[in-house]
Amino acid sequence: MRYEIVLTVVAMSVYAVAAMGPAPGAVSSPTPAMVLVPLAAWVLIARVIHAETLPGDSQFWLTRPYRRGSLLLAKALFIVAFVMLPFLAADAAIALGAGFRLGAVAPALLWRHAAFAAGFVIPVAALASVTSGMAQMLLGFLVAWVVAVAPAYLPNPKIDLQWEPLLWIGLTGGILVIAIAAAGCVGMQYARRSTWVNRGLISAAWIVAEFGFALVPWKLAYQVQTVVAGGVPGAAACKVEADVRRPWLGAVNVEADRAEVELPVVLSGLPAGPAPVIDALTVEVRSPDGEVWSSGKSPTTRLTTFGTVMSIETVLPRPFYERVKDKPVRVNGAVFLTFKGGRRLCG
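When the letters of the sequence shown are read in order and numbered with this note's numbering, they come out as residues 242 to 588.
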């Protein structure tokens, strides 16, 4: 496998060189060269696992006095030595070339490569352990890719975690599910060679990761994010109110089946510092007779902002608008903002 090892080391080197900018301390986008890294790592991991294939009963190595635990350890050390460490060295070289001290970026590098191991290396090793060759492995990858892109083509996908600021939660949860299942798959495959059981395990984990976490309500995900960020300091003083001083900013554009409504609001009680970045909001309109319209589970209502002055832009169904346009209505909602140093909620 010396050719595959050389290919992997060359790919890591090209990635490092491509990521370094033309001047000292500069960093350029390594996107084209980055494709080489997972491709070379994929081939090397597959080759080292397939050197002693696990599915089937006619392999020559099964007649040798190999301890499967020692065999698994040897494979793991090989992958660490020729995949993980060269990639870590490449990233360290990029950081040093950009002017960072290695000690300052070491935690970030370790987290990055822990994610690389959990989200790529272990799943690829699991896929290789339940296949007998590269052709089967490519077929398995194709099936996994079809499952991954399927939600985008569903006629009415009810997926909540499509709000970009929260995607990391579903992605992290999915990676953890796949990594745990893949690690269990590799361990059981080397211990018992239960190929079909382990194929079912990794397939179930992939489906759960793809669809299960995508269906997590975004409000629950936002609460998780708030806890991870360490609380919401100063949120009690932050308010969103109707801007009665600028009523001319309000507007309605009525079309055949909908009414586009723009309502002026203002933020108050904001902490000192740069103006916040507005992520999204939710809106609920309640008429005097109790009829309620909501923007839905996903925070898709748009906002425009000028400093602390905002305009809410939302779309009401035309029938609902016609029923309430001449009545006093109550508008409730929540605005999600990003400040430097943390994410806070105003509502």
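Since the hints were derived computationally from the structure, they do not count as laboratory data.
Treat the hints loosely; a few may be bogus.
[Stated by the list, open to error] Heads up, simulated DSSO-like pairs for lysine-lysine below, C-alpha to C-alpha not over 27 Å straight-line:
| id | residue 1 | residue 2 |
| --- | --- | --- |
| 1 | Lys566 | Lys480 |
| 2 | Lys460 | Lys480 |
| 3 | Lys460 | Lys568 |
Status of each hint after checking the structure:
1. For the proposed pair Lys566 and Lys480, the alpha carbon gap of about 26 Å is at most 27 Å, so the pair holds.
2. Of the supplied pair hints, the one linking Lys460 and Lys480 holds, its CA atoms being roughly 19 Å apart against a limit of 27 Å.
3. Distance restraint check for Lys460 and Lys568: the Cα-Cα separation of roughly 30 Å exceeds the 27 Å cut-off, and the hinted pair is therefore not satisfied.
Hint 3 alone, counting from the list given before, is not met by this structure.
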